[in-house]
Amino acid sequence: MDTIKKPRLQLIIEQMLRDKELISKVGVERASKEYGLKFSIPDTLSHLPRRKR
Amino acid sequence: MDLNFLSLTPYPTYQEENDSEFFFTTDEGDDYTIYFTDTEGYFPKLSYSNSVKLFGFDYLGKPKSVKYDKKISDTIITSILNFLSKETNILIYVCGQSDAKQRYRNRLFNRWFKDYNQMGFVKYDITYDGDTYVSFLTSSKNPNLFTFQYEFMNFGNEYK
Numbered sequence: 562m563d564t565i566k567k568p569r570l571q572l573i574i575e576q577m578l579r580d581k582e583l584i585s586k587v588g589v590e591r592a593s594k595e596y597g598l599k600f601s602i603p604d605t606l607s608h609l610p611r612r613k614r
Numbered sequence: 024m025d026l027n028f029l030s031l032t033p034y035p036t037y038q039e040e041n042d043s044e045f046f047f048t049t050d051e052g053d054d055y056t057i058y059f060t061d062t063e064g065y066f067p068k069l070s071y072s073n074s075v076k077l078f079g080f081d082y083l084g085k086p087k088s089v090k091y092d093k094k095i096s097d098t099i100i101t102s103i104l105n106f107l108s109k110e111t112n113i114l115i116y117v118c119g120q121s122d123a124k125q126r127y128r129n130r131l132f133n134r135w136f137k138d139y140n141q142m143g144f145v146k147y148d149i150t151y152d153g154d155t156y157v158s159f160l161t162s163s164k165n166p167n168l169f170t171f172q173y174e175f176m177n178f179g180n181e182y183k
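Which chain is which? The protein sequence lines are A and B, in order.
For the first sequence, the residue numbers in the numbering used here are 562 to 614.
For the second sequence, the residue numbers in the numbering used here are 24 to 183.
If you are wondering where the hints come from, they were derived from the structure by calculation, not from laboratory data.
Just so you know, even glycine gets a beta-carbon here, dropped at the ideal spot from N, CA and C.
Hints are supplied without guarantee of correctness; some may be wrong.
Stated by the list, open to error - Below, simulated DSSO-like cross-link-like pairs (lysine-lysine); rule was C-alpha separation at most 30 Å, straight line:
(1) A/Lys613 x B/Lys109
(2) A/Lys586 x B/Lys124
(3) B/Lys85 x A/Lys599
(4) B/Lys137 x B/Lys90
(5) A/Lys599 x B/Lys124
(6) A/Lys594 x B/Lys109
(7) A/Lys613 x B/Lys87
(8) B/Lys124 x B/Lys94
(9) A/Lys599 x A/Lys613
(10) B/Lys68 x B/Lys109
Said to hold, decoys possible - Here's a subset of chain B near chain A, in silico, CB distances under 10 Å, partners left out:
(11) Tyr37
(12) Glu44
(13) Phe46
(14) Asp50
(15) Thr56
(16) Ile57
(17) Asp61
(18) Tyr65
(19) Phe66
(20) Asn73
(21) Asn105
(22) Val117
(23) Gln120
(24) Tyr139
(25) Asp152
(26) Phe175
The shape of chain A in the complex, shown without the other chains (with noise of 0.2 Å):
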């Protein structure tokens, strides 16, 4: 059977649009701990106060 290849951009967005329904469908929490998605707080805005929602 022949195999489709994609272009690789288009694989690397399709990666990403399946992340963001994830984090959609579970949040941030627990796409980093059980689906083990990494996030990060940019330096430019780490002066932001942190709080408890």
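Based on the hints, put chain B in the right spot on chain A.
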């Protein structure tokens, strides 16, 4: 970064305790999250991938209010502008498709860029399959701009 000249009126934004996201609460009591996903997984060969983030935001739970609230977009725009205030940072935005409103999101994002880009940022857009929209934004002074532009666009020619 002083954004006063843009007449933005954002909600106060807070860092979540999990160190991974930000949130803000609207006057109507709706909670929103803003997050930056690391991109090493998407671009493993990129030496500066720690400066490249996938940006996203979402409401948490079901929104109590559906009326237009300019302060929500002002908060999101302020977060983007603050992130881009570091010359080497690159922000990628993919328009979500789960509710088939990606074209509307793309138009909104274009309008924000047109209305609030007074600091020399550049935006590159990719559209494929007619309704998948991806953009990246950065400072026009970013020393990695042209290599990233080349590599990003060139992924389209690489097959896996």
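How the hints compare with the structure:
1. A/Lys613 x B/Lys109: Holds - the C-alpha atoms of lysine 109 of chain B and lysine 613 of chain A are around 27 Å apart, at most 30 Å.
2. A/Lys586 x B/Lys124: Judged against 30 Å, a Cα distance of about 17 Å means the pair holds.
3. B/Lys85 x A/Lys599: holds (25 Å)
4. B/Lys137 x B/Lys90: holds (23 Å)
5. A/Lys599 x B/Lys124: holds (26 Å)
6. A/Lys594 x B/Lys109: holds (29 Å)
7. A/Lys613 x B/Lys87: holds (20 Å)
8. B/Lys124 x B/Lys94: Holds: lysine 124 of chain B and lysine 94 of chain B sit about 21 Å apart, inside 30 Å.
9. A/Lys599 x A/Lys613: Roughly 20 Å separates the two Cα atoms, so the pair holds.
10. B/Lys68 x B/Lys109: With Cα atoms ~22 Å apart, lysine 68 of chain B and lysine 109 of chain B stay inside 30 Å; holds.
11. Tyr37: holds (4 Å)
12. Glu44: At about 4 Å, which falls below the 10 Å cut-off, the nearest Cβ of chain A leaves the hint on glutamate 44 of chain B intact, so it holds.
13. Phe46: holds (5 Å)
14. Asp50: violated (16 Å)
15. Thr56: holds (6 Å)
16. Ile57: holds (9 Å)
17. Asp61: holds (4 Å)
18. Tyr65: holds (5 Å)
19. Phe66: holds (8 Å)
20. Asn73: holds (8 Å)
21. Asn105: Holds - the Cβ of asparagine 105 of chain B comes within 10 Å of chain A, reaching about 5 Å at its closest.
22. Val117: Hint on valine 117 of chain B: holds, closest Cβ of chain A at ~5 Å, below 10 Å.
23. Gln120: Holds - the Cβ of glutamine 120 of chain B comes within 10 Å of chain A, reaching about 6 Å at its closest.
24. Tyr139: violated (16 Å)
25. Asp152: holds (8 Å)
26. Phe175: Interface hint status for phenylalanine 175 of chain B: holds (7 Å vs cutoff 10 Å).
Comparing the model with each earlier hint shows violations of hints 14, 24; every other hint is respected.
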